[in-house]
Each structure stands twice: as C-alpha cells, then as structure tokens.
Amino acid sequence: MGSMQLLPPTASSHAADMDWLFAALIGTSAFILLLVFGLMILFCVRYRKNSKVERGDRLGRTWRVETAWTVATFIAFLGLYFWGADLYVGIHSPPKDATDIYVVGKQWMWKIEHPGGQREIDTLHVPVGKPVRLVLTSQDVIHDFAIPAFRVRQDALPGRYETLWFTPTKVGEYRLFCAEFCGTWHARMGGSVVVMEPSDFQRWLEAQDPGPSLAQEGEALFRSYGCSGCHGTASTVHAPKLEGVFGRPVPLQDGRTVIADDRYIRDSILKPKSEIAAGYPPVMPSFAGQIGEDDLLKLVAYIKSLADRTAQNSQTGQAAGSAERPAQ
Amino acid sequence: MTTATVTGKPDEPVVATRNYLTEEGVTLRSWLLTKDHKRIAILYTLSITFFFFVGGAAATLIRLNLVTPAGIFTPDIYNRLFTLHGIVMVWFFLIPSIPNTMGNFLIPLMIGAKDLAFPRLNLLSWYLYVGAGFLALFAILIGGVDTGWTFYTPFSSLYSNGYVVLALAAVFAVGFSSILTGLNFIVTIHRMRAPGMTWYRLPVFVWSNYATSVIMVLATPVLAITLMLVAVERLLRVGIFDPALGGDPLLFQHLFWFYSHPAVYIMILPGFGVISEIVPCFARKPLFGYKFVVWSSITIAIIGFFVWAHHMFVAGISLYAGLVFSLLSYVIAVPSAIKVFNWTATLHKGWISFDAPMLYALGFIGLFTIGGLTGLFVANLAFDVHVTDTYFVVAHFHYIMVGGMVSAYFGGLHYWWPKVTGRLYPEWWARIAALLIFFGFNLTFFPQFILGYLGMERRYYSYPPEFQVWNIFSSAGASVLAVGYALPFFYLGWSLFRGKRAGSNPWAATGLEWQTSSPPPAHNFDVTPTVTRPPYQYRPEPEPQDV
Amino acid sequence: MSDAPVIPQPEPQYATAEQQADTASFGMWVFLATEVLFFGGMLLAYTWLRATYPEGVAEAGRHTKIVIGSVNTLVLLTSSFTMGWAVHAAEHGSRKALTQLLAVTALLGLLFLGLKGYEYHKEWTEHLVPGLNFHEDSVHAQTIELFYFLYFLLTGIHGIHVTIGIGLIAVMAVRARRGAFSSRYYTPVEVTGLYWHFVDIVWIFLYPLIYLAGRS
Amino acid sequence: MKAPPLPLLLTWAALLALLAATLGLAYVPMSGPMNVVVALGISVAKALLVLALFMKLFRASALTRAAAAAGLFWLAVLFALSGTDYLTRKVEHVGDLPAPTGREHQPGNR
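Going down the list, the sequences are from chains A, B, C and D.
Residue numbering for the first sequence follows our numbering, starting at 1 and increasing by one per position.
Residue numbering for the second sequence follows our numbering, starting at 329 and increasing by one per position.
Residue numbering for the third sequence follows our numbering, starting at 876 and increasing by one per position.
Residue numbering for the fourth sequence follows our numbering, starting at 1092 and increasing by one per position.
Excised from the complex, chain A in its bound form (with noise of 0.2 Å):
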C-alpha cells in the first residue's frame, strides 16, 4: 500500500512553474471558499431562528454590493487567466535545440524512436537537463502521451502529429500514462520515463543495439513492399527513379510543379493518382491502409536518404544512417 503523498514529483521545467501556479490558484479559492464557509457559519450561528440577536437594518441597495463582488471576481479570475496562458503558450513553444523523439501510439503500447533509430516500446529514456520534443502520432485511435512528473500531457492523433516539449530536471524513474480512453487495455497502456545523467545516456543509447537506422529500415521495406520492382534500378516497369529526387521540384502531369517533400512522398504512398509526376503512367497501386504509420515513416526517411544520391551509387542501397548518425 503507498503511503498518503499529496504532490506527485518534480521532475521537468515545467512542473515548477505548473506547482506555483497550482499555489496561486489554491490560495484564491481557499480566499473565497474561507470568505463563503465562513460567513455562512457565522450567519448561520448568529441568525439562527431562536437567536435573539439584533437583526436592524439590512443591507439596501444591494446593486453596489453585486458589482463590487462582480468586479473583483472578475479581475482575480482574469489574472489567474494570464498567468495560466502565458504558461500554455511556453509549454507550445519548444525551444530550437530540442531533440525530437518520435512516439508512435498503438493499442496499447507507445512505440518510441530515438534520432539515432534506437527504438523502445513503452519506455522512454532521456538525458536530464536537455530539452526533448516528442513528436505524437497515432496508429489507431486518439491516445494521450501524460507524464505527470514533469505536469504535461498531449492527444495523439491518427492522420497527424501533434508534439510536446519538457526538460527533464531530476534523474530518476517516472510514470507514463496513456490519458485517453482508447479501449480495453487503457489502463496498461504506459510505462516509465527515466530521466538519467547525459553521460549515462550516451552509455545507454550506445549500449542499445541501435539496429538499422529508419532509413535502412524503410530500404528494407522497399523490396519487402515490392516498391523496388518498379522503383528499383533494374527495374524494366517505367516508373519514376527516386535517387535524388527529394528535396527537388517534380514536374506534374497537370502542368503544376512540387517540391517532392514529406507531404509529397507520404501522398504519392498513399494517395499515388493525386499528384501524377510527368511523363509517367498512373499505374502505381494506393498502399492507403497496407502501410502503418511507423512503416510510412521508415519509408520516408529512405527516399529522403536517397535525396543526395545518383542512381549510379547507390546500386547496394547501403544507407548511409549508420555512419552519419550524429556522434554518440
């Protein structure tokens, strides 16, 4: 049995701020309800039926006491409002040296990929003092990302991403909840943030088999999804080489021109007859509801790979992920 704790900890730059705002919106209620009970009592006791205290004149025109009452809710309401938005607004506004970390939400685990492909399911690991920004999709249904330690939480939604930024401030180990109702395991669907020291990090990213990078991953999936058949260099079907193309201006059928960038590429998975490039035949089947969310992603990730690339060296596909990962 736990013992009676009334504060959950204190572990991100947010949770401080999140506890003194949690004191100032305490300390005016308490203001107000000690002001309400405690006049109630004291009217209640002293003008109680049998009490034979003095009643004389009451209070006559009560319009002044209604706005003053009126008036000074509204502003104590107002400042509590700023306070909080101005909150809100920072804990939307991650800093520009955030690391991002993928999480991906599935009934009923959380998938998370670190920028080096390390991957751990229900389990995220981060090095204390540096800001993390987690960027939220789902697979199925709406999940919710909660840490209560470090005071934030977001919905993650299929179709798109939503992100969440916090410093971890305290090592240690702390829960992970899933906060939106999203089926039968709901309650099982979480786990533990541990926050640890940045070299101890480091030790454990290295001591994680990183395996293959997203971007070998997605090369993988190309033959295994049967892109390569007509994508591929040996390819006999024309279809469209994807060596260098991201990041470049695609010629359009209709005349239009695109930049083949993520949106671009995830369409052409998905949606390929929307934006046909030039010159070649919508022959491409939609993998609309083959592909997951997680798999999309690793597919992405290898045509952008391909981005600086020719066709020529590229015949081995070896992505260049292991050995451009950032130092570690």
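Since the hints were derived computationally from the structure, they do not count as laboratory data.
Treat the hints with care, as some may be off.
[Claimed, not checked] Covered stretches of chain A, as calculated for chain B (at least 3 residues, CB under 8 Å):
(1) 20-29
(2) 42-49
(3) 82-94
(4) 137-144
Just so it is clear, the structure is predicted and the values come from calculations on it, not from any experiment.
Virtual Cβ for every residue (Gly too), placed ideally from N, Cα, C.
Please build the complex by placing chains B, C and D on the supplied structure of chain A, with the hints as guidance.
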C-alpha cells in the same frame, strides 16, 4: 386573461380529497395516458429514480473495483461499467432530473397556470424518455458499451466492440425528449403566466428552468445529429470523424462539446433555482439581489455555449482557440460566483432554521462552491495540461453534478414533498440523510482531487500502487454516500402511507404553488390567481400569505 | 363562399382561443429554432469538408444532378408560394380555395419527393452511394465519398421533413374540406405553413451548397 | 379560386428570379471563394423573403422574431467559435514534419 375560469368548488381545509392523484381515476391507464403535468412529473420521478439506482449500482461497482490497484473486474467489464454509469447518469438522471420532475410539477403551479402549454407533447416526451431508457438498458444487457459517455471517434466509430449504435440511438431519442420538454417550458413560461405575474415576479426556479430550456432546445439538436453521424459512420464505414476515412476526430469533439458543455448547465441551472427557493424560505428573508440571480442564470445559459472547447485543451486545437476558450471560461465563472455570494448574503440577518431542505441547500452551496472553484483550475490553460483526463477533472465535475445537482435534487424533493404527496417526511431521518450525503460525498470525492494532481488517469481499471490510499478513502466515502442516497428511498416511501398530513403550506412559504391545496387539484387552481407582489416576501414570523 | 364561424373551445389549460393560437405559433417558432441547430451540425461538417478539400468538393459538386436539383428548387419555392396563398385564403375564410391550395402544395411536395427519388436512383446506378455501392476512380474519391455521405444525410433528413410536411398539409386539407377552419380559426393551417416554409428555407441553402459547388 | 394577393405573387416572382440568378452565376468563374459567397448571399436573400413575407416575420411580435433570431444566433456561435480553432489551426499532417532519418539530425537543425 381574467379570473373568468372559476370552477368554483371550495377548497378542503386540511386534506384535499379532490386532488390530481385520484381525481382522474386511479387506474394504470389513467396514469399512462394522463395529460396532467403533475402526473407526468410523477411518472418521470419514478423512472428517474430507477435510473438513478441503475447508475448508482454501476458507481458502487466502480468504487469497489478501485479498492485494489490490480482491480477486481476484467478491463472490459470495468469499461462497460463506467460507460453505463456515465450514459445513465448524464442522460437518464441528471439532465431530466429537476426539470422533468419538479419543473414539470411546479412551473405551471408557480406561474398560476392550469397546465403546460402542450400537455400531449409533455406525455410524448416521457414516452420518448422511457423508450430511450429501455433501449439503453437493452444495449447494456446484451453486452454493453465501452466507449465512455463521450463516444470519442474513431474509437466509437471503428474500434469499439460494444453495442455503440444502440446506445447512440438511445441517447438520440432521449435528446428529443429533452428538446420537447424545453420547448414546452419556454412556451409555457412566455404564454401561460397568471395575471400580474410579470417577469420580475417569477420565482427564480422558473427563471432557471427557462434558462435551462433554452439550452435544451438549442444545444440538443446538435448532439442528436452528431451522434447520428457517428452511428452511420460505424455502420457504413464512411464518415467525417475518422482520419483513416479522410475525416477529422476533432470535428466530432467540437460538435459533441457544443452540446455537452452547455449540458452541464442544463444539469446545474435548475439546481440554482431550487436553492434560490429554499434559502429565502428557511432564512425568512427575500432573496438577496433577485435580479442579479435571475440575470446570472440567463448569462450562464448564453455564455455556456461559448466555452465548449475548454474540454479540448490538449486534444490538438490551435493555440489561439485555447486562449479564446479559456478566457470565456473564466468569464462564465463570474455569474456562478455571483449566485453563491447572493445566497450567502440572503442568510445575513435572517431567522434561519435548519430543516432538511435547508441542510441540503447549505450543503449544495458548499459543494458547488468547491466544484465551481476547481472549475477555475481546469479552465486554466496550463493547469489543464497537467490534470485533464485525470481524477482531478472527475472530482471537479462530480462536485458540480453530484455534490451540487443531486443535493439540490434531494433538497427540492424534500421541500416540495408535502406539496406533491400531501404528507410530511420524517424530519429526523431526513436530516441524518442530508448529513450523511454531505460528509460521504466529501470523503468520496475530495481525495480524487489529490489523486488527479498526482496523475491518476480517468477510466483506469487498475492503477499504480502508490495511489491506493486515496482510492480507499474514496471508496469508503462512497459506501457512506450510498447509505445516504438509499435512506430517503425508504423514509420517503414510508411517509407516503404514514407521514403526517401536510396542509397546503407547511413551510409558510410564498409562491403560488403553496396557495393551492396539497396535493393540488387536477387543474391546479380553482380560481386563477392574480399576482400583485414580487416573490420571496418573507417575514420573520410565519404568517398566512395572500395572493 | 361563406362558412359558419367555427371556433373550437380552447383546451382547458388556456383561458382564451387567442391565447391558444398565439401559443401554438410561438411553439412552432421555438421548434424551428431547434431545427436550425439540427441542420446546423451537418452544415458545420459540410463547411469543414469544403474548407479542407476544396478541389474534391468541387469535383463532387459536378457529379450532382443540377437539372433535377434546380427543378426541385423551383418546385419547392412554388409550393411555399401556394402555401402562403393558402394561409391567405384561410384568413379570408374561403374554404374551397384553402382546400385546393393545400392540395396543390401537397402535390408539389410529392413532386419534389418523386424527383428526389429519381435522383437517388440515378446516383445509385452511378455508384455514388457511400458505404453501399460507392465506386469512383478520381484522385478525390475519398472526398467525393464524404461529400455524398453528407449529401445523402442532408437531403435524406430534409426529405423526411418534406414527408412530414406533406402529411401535415394533407391533414389540413382534409380538415379544411370538412369546414374545420374559418377566418377566425385557422391556427393549425398557419402553423403548418410555418413548418413548410422552414423546410423550403433549408432547401434554399442546400441547393447552392450541393448543386452549385464547383460549377464555375 | 381568386387571384393570389400581389405581395405573395411578387415574392414568388422574386424567388424564381433569384433562383435563375444563382444558377447562372454559379457558372461564371470568379476569383477565390466569390462563387460561394455570391451563392450564399442569394440564398440569404431568398430566405429573408420567405421569412419576411411568407412567414410574416415582418408583422410578427418581437417575441417571435427573437425566437427566429435565437436559432440563427446560436448557429453563428457554433460556426464562429469552431472557426477560432479551424482558422488558426496549424495542422501538421503526418508527413509534413521532417521524419528522422538518423543522419541529418543536428541540434538546432529544424
């Protein structure tokens, strides 16, 4: 309109032999086909009581499950329990509770009318309610629903394995019951007032039911159409709420909360009305700041529509929308605060007695104040990022809806019990129940604020062990609360047969409903009253009030 | 044409017949306010769809049957006119004109439903019914399906309203024929008229949203 | 039956004229959202005609007009406040953000 419609029989002094309970016959048929608003109110009271105990049973099982961190039930059963609890309590108890029982019974009496404007519509509304109720029970019995009462897409439209469409149909139907009631009240209050009953002579109870009705009429259709869209989406696998189909789940949330936030005010505004009747009566003083109380109700009904997205601060709405909705939420806190101050000020220099209705009313003010103040917490953008979807929110809205609304419901039930039944309830037992409910409630729900801040999430059938202590407090409180809620069922039932005869005005209260006999005759007033004075003209000593 | 002044006794909850008449018409207005919000939810969904996928909606709009839609608008506007005329006839106590005009209004309503049914049939054969037989090769297929999803809901619910309206009008016509109304008592006709005009107004907005999208 | 009263007849004629106008204008290419704006503007005009003359809102009591306005007001609230979200939302569809490739990520590189 004049007093030309005299039916002319003299009133019996103590026991009204000619009353609505017997006047039109006592057969089942005469009840099931009645058009008398008072009888329909009784029908509603019986059915609502039934659903209150259904929802209460689910709540009991939920609290039982949460005694241990591992939980007792399987997650699927637990998920169905809280969904059942939510759907039944929200749509089959809280929303119709005060309006459809006391509102139905009292509004015509209070404004000096013979009935509501559309009695047949009133009966239809009850049949819709009962039909919807059976549909909901049927969905529960054949396997239940596991979406939560909020039916969030795409979970409800694609992933849930419960009988979602049936539940949606039930809520759809009960929505129409609610719309018809609201329509009836609005038209009645506008068109059926007795001579001299100007707007500022209306009791606050009537005003707050009027405000409630406006919300019912204007918000419920949006819920109905939204739930229909979800049902079609689930049946046909095509729809606008699922991203996989090209839709937007936040569109569902916007539409859902456009109803469901104002619905909170549907639940609480009639409670304000009840308290505004009880407090002056037992303080023997006019209501302090009558016009402010009245206009704060209307303001709440209107601004209540402007704040819905404060349920969505972490759901992915834009930053700007969050700022707007939070500000508006703070604005609506002001009229609520005004009411609390006015009730408190009404006590000043009064002659206060502490009969059971007054105990409930004082309990209401206390619990509602806590609920309202914690509303400031969750309306706060940043703070909501930490506590939304936790037990903090659960505790907050239970303080409003259970601590506030149910206290008001019981307060009103006791206050008007003599009028409705012609008999007095046993005072001692009633006070015991009021105290049990107050303390049991606080024991149940106050720990949940702490749990919420600690990070215990809603809708969890099992939880980390460090949360157990507070959960045990909460469950212990729930058992006290259950006793408190069960008690009135017994002593009120007893009083139906053995209670003392009440007479027409046992509280020496003002208000037209007390001018007619108890129980009132089928057509309410033998002579249509003419009103010459504002409400709540209380004086220290009980004296006969004339009209 | 002269008919005996028929003024039924007011129901017991009313003091006078005027009060009852006022109340009925006010009740209908409040009901119409509900209806506005009922359609409003779907209109918000439509607005969202159109704002999110403008091109798809434009393409979907071009699939709609503009001739039927326009003729139907004409039919409904005309029926509103005959309804207004019927109320006018009731005000002047001309029983025969009232009966005939109500009948014409109901028939126009039936014509509307018939054309609508024919339109649905064509859409079925063109595989435009979402969830049941939808098939579309366009790149905007998903949006077109969503558009038609909303189309069938909006027009379907509107069609239910039309059907109810026709029923009400038919009842009024029968009652008028039996001489239930007079220049001093015709509230039911007036209230039915309010409902019918509202159904017309809904269509006035549905018409450009559905049929005129993407025509330019 | 007698001839219809002139105001009704004129209203009907105006409605039909507006119908023709909206149909014709729908085929005229206009810039941006002007087609929708024009079409809805004409619809509003038609609806006002029906409300004012067929439903006799001109002659109705203030209370009736308030009831009619209430529905529209709350509809406007639904649209306007939903707009605060939709018009300012920066939706990051999956795919809009740079996916991590494991090689390009440098601190400060976003």
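Going down the list of hints, with the structure as the test:
1. With 5 residues having a Cβ less than 8 Å from any Cβ of chain B, the segment 20-29 of chain A passes the three-residue criterion, so the hint holds.
2. Note: the segment 42-49 of chain A has 5 residues with beta-carbon separation from chain B under 8 Å; the three-residue rule is met and the coverage holds.
3. With 10 residues carrying a beta carbon less than 8 Å from a beta carbon of chain B, the segment 82-94 of chain A meets the three-residue requirement, and the given coverage holds.
4. Requiring three or more residues with a Cβ within less than 8 Å of a Cβ of chain B, the coverage given for the segment 137-144 of chain A holds, as 4 such residues are present.
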